[in-house]
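S.K.: Top line first, the protein sequences correspond to chains E and P.
Just add 56 to wherever you are in the first sequence, counting from 1, and you've got the numbering used here.
Just add 56 to wherever you are in the second sequence, counting from 1, and you've got the numbering used here.
A couple of the hints might just be wrong.
Which copy is meant is left open, because identical chains are indistinguishable; a pair holds if it fits in one copy or across any two.
Stated by the list, open to error - With a cut-off of at most 27 Å between alpha-carbon atoms, the simulated DSSO-like pairs for lysine-lysine come out as follows:
no., residue 1, residue 2
1, Lys320, Lys229
2, Lys204, Lys229
3, Lys417, Lys376
4, Lys204, Lys466
5, Lys163, Lys376
6, Lys163, Lys297
7, Lys417, Lys163
8, Lys229, Lys163
9, Lys320, Lys411
10, Lys411, Lys163
11, Lys58, Lys320
12, Lys204, Lys58
13, Lys297, Lys466
14, Lys376, Lys58
15, Lys411, Lys376
16, Lys297, Lys376
17, Lys163, Lys58
18, Lys466, Lys320
19, Lys297, Lys320
20, Lys229, Lys58
21, Lys376, Lys204
Simulated from the structure, these hints should not be mistaken for lab results.
One-letter residues, chain by chain:
There are 2 protein chains.
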Amino acid sequence: MKVAVLCIGDELLKGAVVNTNLTYIGQHLLTMGIMPVLSLEVPDRPADVTEALQYAMNHADFIITSGGLGPTADDLTKQAIAEYLNCPLELDPRAEQAVRERWYSLKRGELPLRFLNQALIPHGAEALLNECGSAPGIHIRTNTTPEKHIVMLPGPPAELHPMFDNQLLPILKAHLDNRLHTRLFHISGVPESRVEERTIPILESHPCLSVAYCASPEFVKLFLTSPDSLCVESAEQAVRKEFFMEMLSDGASTVAAEILHLLKERGATLALAESCTGGLISELITDMPGASAGYLGGIVSYANEVKRNLLGVSEETLRKYGAVSAECAGEMLSGIVERFRSDCAISVTGIAGPKGGTPEKPVGLVYIGVRCFEQSLVAEYHFRGSREQVRARSAATALNTLRRMLRGEKL
Amino acid sequence: MKVAVLCIGDELLKGAVVNTNLTYIGQHLLTMGIMPVLSLEVPDRPADVTEALQYAMNHADFIITSGGLGPTADDLTKQAIAEYLNCPLELDPRAEQAVRERWYSLKRGELPLRFLNQALIPHGAEALLNECGSAPGIHIRTNTTPEKHIVMLPGPPAELHPMFDNQLLPILKAHLDNRLHTRLFHISGVPESRVEERTIPILESHPCLSVAYCASPEFVKLFLTSPDSLCVESAEQAVRKEFFMEMLSDGASTVAAEILHLLKERGATLALAESCTGGLISELITDMPGASAGYLGGIVSYANEVKRNLLGVSEETLRKYGAVSAECAGEMLSGIVERFRSDCAISVTGIAGPKGGTPEKPVGLVYIGVRCFEQSLVAEYHFRGSREQVRARSAATALNTLRRMLRGEKL
Numbered sequence: 057m058k059v060a061v062l063c064i065g066d067e068l069l070k071g072a073v074v075n076t077n078l079t080y081i082g083q084h085l086l087t088m089g090i091m092p093v094l095s096l097e098v099p100d101r102p103a104d105v106t107e108a109l110q111y112a113m114n115h116a117d118f119i120i121t122s123g124g125l126g127p128t129a130d131d132l133t134k135q136a137i138a139e140y141l142n143c144p145l146e147l148d149p150r151a152e153q154a155v156r157e158r159w160y161s162l163k164r165g166e167l168p169l170r171f172l173n174q175a176l177i178p179h180g181a182e183a184l185l186n187e188c189g190s191a192p193g194i195h196i197r198t199n200t201t202p203e204k205h206i207v208m209l210p211g212p213p214a215e216l217h218p219m220f221d222n223q224l225l226p227i228l229k230a231h232l233d234n235r236l237h238t239r240l241f242h243i244s245g246v247p248e249s250r251v252e253e254r255t256i257p258i259l260e261s262h263p264c265l266s267v268a269y270c271a272s273p274e275f276v277k278l279f280l281t282s283p284d285s286l287c288v289e290s291a292e293q294a295v296r297k298e299f300f301m302e303m304l305s306d307g308a309s310t311v312a313a314e315i316l317h318l319l320k321e322r323g324a325t326l327a328l329a330e331s332c333t334g335g336l337i338s339e340l341i342t343d344m345p346g347a348s349a350g351y352l353g354g355i356v357s358y359a360n361e362v363k364r365n366l367l368g369v370s371e372e373t374l375r376k377y378g379a380v381s382a383e384c385a386g387e388m389l390s391g392i393v394e395r396f397r398s399d400c401a402i403s404v405t406g407i408a409g410p411k412g413g414t415p416e417k418p419v420g421l422v423y424i425g426v427r428c429f430e431q432s433l434v435a436e437y438h439f440r441g442s443r444e445q446v447r448a449r450s451a452a453t454a455l456n457t458l459r460r461m462l463r464g465e466k467l
Numbered sequence: 057m058k059v060a061v062l063c064i065g066d067e068l069l070k071g072a073v074v075n076t077n078l079t080y081i082g083q084h085l086l087t088m089g090i091m092p093v094l095s096l097e098v099p100d101r102p103a104d105v106t107e108a109l110q111y112a113m114n115h116a117d118f119i120i121t122s123g124g125l126g127p128t129a130d131d132l133t134k135q136a137i138a139e140y141l142n143c144p145l146e147l148d149p150r151a152e153q154a155v156r157e158r159w160y161s162l163k164r165g166e167l168p169l170r171f172l173n174q175a176l177i178p179h180g181a182e183a184l185l186n187e188c189g190s191a192p193g194i195h196i197r198t199n200t201t202p203e204k205h206i207v208m209l210p211g212p213p214a215e216l217h218p219m220f221d222n223q224l225l226p227i228l229k230a231h232l233d234n235r236l237h238t239r240l241f242h243i244s245g246v247p248e249s250r251v252e253e254r255t256i257p258i259l260e261s262h263p264c265l266s267v268a269y270c271a272s273p274e275f276v277k278l279f280l281t282s283p284d285s286l287c288v289e290s291a292e293q294a295v296r297k298e299f300f301m302e303m304l305s306d307g308a309s310t311v312a313a314e315i316l317h318l319l320k321e322r323g324a325t326l327a328l329a330e331s332c333t334g335g336l337i338s339e340l341i342t343d344m345p346g347a348s349a350g351y352l353g354g355i356v357s358y359a360n361e362v363k364r365n366l367l368g369v370s371e372e373t374l375r376k377y378g379a380v381s382a383e384c385a386g387e388m389l390s391g392i393v394e395r396f397r398s399d400c401a402i403s404v405t406g407i408a409g410p411k412g413g414t415p416e417k418p419v420g421l422v423y424i425g426v427r428c429f430e431q432s433l434v435a436e437y438h439f440r441g442s443r444e445q446v447r448a449r450s451a452a453t454a455l456n457t458l459r460r461m462l463r464g465e466k467l
């Protein structure tokens with residue numbers, strides 16, 4: 057099956073919004089072993105939408121669009137595509153009821169007629185109900201040979217995600233020519249090239265297996281795909297054995313989620329003392345729903361006086377070794393454990409840049425302390441890249457170190 | 057001038073990377089009054105690249121590509137485009153020198169021949185030197201009628217940004233048929249529809265002016281564009297008058313940057329007490345280089361015991377009103393000011409969801425306290441949306457409130 061993605065909206069081309077819908081769609085198609093053959097972003101203009109649709113239909117048999125389904129004047133996707141395919145729009149009774157119910161639940165008074173436009177569906181198409189918004193999605197099968205599918209999804213991510221998962225995925229699965237079996241693993245703390253090397257023997261012993269890798273500062277995603285379910289099962293066992301220590305548990309899609317899971321399992325608590333990461337690690341952890349079960353909180357000690365007064369870093373350490381030193385990271389670590397009485401803790405101090413580096417302490421020098429019950433360690437790192445990258449790599453390294461210690465690795 | 061963007065890389069279609077290059081290019085073109093007519097993402101396959109290039113050339117006269125210029129096997133952009141245009145690749149002496157210097161600066165031993173491939177440039181094209189990486193960019197003028205421009209930029213954002221700013225922008229400006237004059241304003245704390253309404257009279261009195269809006273939780277960007285410099289100047293005065301209180305200073309591109317600027321101006325310091333935002337506000341502030349000038353740090357008081365022990369919120373307040381209450385936000389605010397001895401402070405406590413809401417205290421209920429020297433206030437908000445949106449809106453509202461108080465508004 058060949059899939060193309062078409063995202064509609066001036067805001068994407070003006071750079072007002074990052075196209076996370078493409079990312080979401082791409083990630084979720086990959087779990088079925090599918091990579092889109094292309095993606096397009098076009099403005100809210102009917103001619104641009106239909107020309108791009110034509111181009112996408114020349115290259116794919118499933119076209120997923122996002123955006124332009126709402127009730128306002130610049131929402132033209134549905135009209136443009138219906139006109140292009142020569143399908144008149146008709147009021148869909150199920151969609152009309154859902155749109156009406158949505159309006160009255162918002163308690164905004166009388167329903168404006170324009171709002172009902174959202175329940176117009178091209179003749180012969182299927183409405184996909186919207187659990188988190190008003191505009192329904194639309195599934196059209198063209199009467200061309202070969203038949204093509206066009207699935208229109210709403211632009212807001214909060215509406216697109218559940219509609220993709222609950223309504224589009226089953227449609228895609230039903231049309232997969234050869235049902236593909238897939239597995240996804242998150243491997244943390246190993247560079248992509250090493251993951252690739254260590255996967256080669258598994259590939260060699262599983263001839264009908266294909267693999268894909270996606271790297272981020274946090275981890276490498278490893279996808280296994282095969283039309284043969286036994287092959288995928290056997291490869292899965294081999295991958296689990298090879299990456300036993302580095303793999304996140306099933307169900308955890310971030311290192312922070314894995315840490316919260318491990319903390320819960322052990323009834324343990326966590327506190328943070330952040331300097332150069334400035335709250336980033338705390339933000340990554342509290343981004344997870346239910347973080348409050350194990351995470352107590354932390355201190356962002358950006359200024360030296362905060363390191364001294366709130367974390368108890370000694371005047372002498374700051375004078376003799378400086379705030380960016382293993383000694384300071386160690387004292388921040390014991391200070392935060394003492395004040396928060398937590399079982400686990402992380403401390404980070406470093407130079408994120410772009411300024412503030414010296415020949416002895418260059419930009420990218422970061423000290424990370426991690427405590428896990430009785431075990432503590434402080435290590436020195438040299439991260440390359442921009443301020444943002446140094447901060448992201450510091451956070452990823454700190455979290456992964458704690459994860460490994462919580463799993464009982466001796467570091 | 058019509059511009060199209062073509063981003064090359066499997067990782068974009070797999071959802072491993074969000075296409076922030078399109079966002080960057082879109083934002084910066086808009087400052088010249090240009091919105092791309094379309095954008096495409098394609099895999100690392102020569103046929104996909106050249107087909108997409110053909111489609112882009114049918115719709116635009118300036119095509120900007122990103123990605124696929126590096127030294128590895130999947131970097132095929134340059135070869136594919138050169139072959140498609142029938143331009144042989146030649147070693148460019150200036151590019152060769154830069155590539156060699158780059159390699160030796162990395163101190164990785166002998167230069168592998170493959171690395172020098174990066175200095176191959178299509179015959180007749182111009183190499184754009186890469187300040188932050190090894191692969192040069194390329195500017196080709198086609199020998200078609202009308203002439204088209206193809207500018208290839210490297211994929212890593214840290215390399216693309218300076219090359220776009222310092223080398224591509226001057227080329228674009230030189231080819232703008234009618235030089236456009238533009239202004240950009242950041243307007244914070246006003247919904248997009250209100251910005252639009254309040255701009256109508258200015259548009260009516262400036263017939264050759266066009267405007268564009270881009271909304272985010274943080275602010276609305278307002279762009280003015282006109283071929284007539286006097287018209288833009290006069291409209292600028294009118295916009296400055298209309299949005300005097302709500303506009304960020306020139307040079308500040310985020311509310312956090314504006315706050316750091318205002319703190320510096322007054323020699324003031326800031327500390328944060330975050331609960332439901334969990335470090336997000338701290339992260340936004342420390343994302344700015346030089347944040348340490350005014351920002352001291354903060355306490356993330358996720359657990360109630362941290363609110364009590366580290367911020368001095370009273371047992372009685374927590375029992376009687378709960379952690380999500382105006383009373384608790386007020387005590388968090390005075391607690392953080394006392395402990396950090398800061399001139400300004402923000403406190404946030406609320407229910408970000410998706411769970412934890414009750415009929416009396418639903419998801420999205422957030423209390424925000426802000427102190428600016430002698431002035432303090434605590435207000436109640438009801439934010440809609442996902443956990444992520446509630447957190448983002450809480451952070452944006454808190455920062456904007458402090459900004460307004462620092463500017464001397466009476467709230």
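S.K.: A separate judgement is required for each hint: does it hold in the structure or not?
M.R.: Each hint, compared with the structure:
1. Proximity of Lys320 and Lys229 under a CA criterion of 27 Å is satisfied in neither setting, with 35 Å inside one chain copy and 57 Å between copies.
2. Taking the closest pair of Cα atoms, Lys204 and Lys229 come within 27 Å of each other only inside a single copy of the chain (15 Å); across copies the shortest separation is 43 Å, beyond that limit.
3. Within a single copy, Lys417 and Lys376 get their C-alpha atoms as close as 14 Å, which meets the 27 Å cut-off; across copies the closest is 50 Å, which misses it.
4. With identical chains, the CA atoms of Lys204 and Lys466 are never at most 27 Å apart, being 55 Å at best within one copy and 60 Å at best between copies.
5. Taking identical chains as interchangeable, the C-alpha atoms of Lys163 and Lys376 are never at most 27 Å apart, the minima being 64 Å within one chain and 32 Å between chains.
6. Taking the closest pair of Cα atoms, Lys163 and Lys297 never come within 27 Å of each other, the shortest separation being 56 Å inside a single copy and 37 Å across copies.
7. For the homomeric pair Lys417 and Lys163, the shortest alpha-carbon distance between copies (19 Å) is at most 27 Å, but the shortest distance inside one copy (59 Å) is not.
8. In the homo-oligomer, the alpha carbons of Lys229 and Lys163 never lie at most 27 Å apart, since the shortest distance is 38 Å inside one protomer and 50 Å across protomers.
9. In this assembly of identical chains, the alpha carbons of Lys320 and Lys411 lie at most 27 Å apart only when taken from different copies (17 Å versus 40 Å within one copy).
10. In this homomeric assembly, Lys411 and Lys163 come within 27 Å of each other (Cα to Cα) only across copies, at 23 Å, whereas the closest approach inside a single copy is 52 Å.
11. In the homo-oligomer, the alpha carbons of Lys58 and Lys320 never lie at most 27 Å apart, since the shortest distance is 42 Å inside one protomer and 55 Å across protomers.
12. In this assembly of identical chains, Lys204 and Lys58 lie within 27 Å of each other by CA distance solely inside one copy; the values are 10 Å within and 31 Å between copies.
13. In this homomeric assembly, Lys297 and Lys466 come within 27 Å of each other (Cα to Cα) only inside a single copy, at 19 Å, whereas the closest approach across copies is 64 Å.
14. With identical chains, the CA atoms of Lys376 and Lys58 are never at most 27 Å apart, being 63 Å at best within one copy and 60 Å at best between copies.
15. Taking identical chains as interchangeable, the C-alpha atoms of Lys411 and Lys376 lie at most 27 Å apart only when both belong to the same chain, with a minimum of 22 Å there against 48 Å between chains.
16. Proximity of Lys297 to Lys376 under the C-alpha cut-off of 27 Å is found in neither arrangement, the shortest distances being 47 Å within a copy and 53 Å between copies.
17. With identical chains, the CA atoms of Lys163 and Lys58 are never at most 27 Å apart, being 43 Å at best within one copy and 44 Å at best between copies.
18. Taking the shortest alpha-carbon separations for Lys466 and Lys320, only the intra-copy value of 21 Å comes in at or below 27 Å, while the best inter-copy value is 46 Å.
19. When the C-alpha separation of Lys297 and Lys320 is checked against a cutoff of 27 Å, the pair qualifies only within one copy, where the shortest distance is 25 Å, while the shortest distance between copies is 55 Å.
20. Taking identical chains as interchangeable, the C-alpha atoms of Lys229 and Lys58 lie at most 27 Å apart only when both belong to the same chain, with a minimum of 13 Å there against 40 Å between chains.
21. In the homo-oligomer, the alpha carbons of Lys376 and Lys204 never lie at most 27 Å apart, since the shortest distance is 71 Å inside one protomer and 61 Å across protomers.
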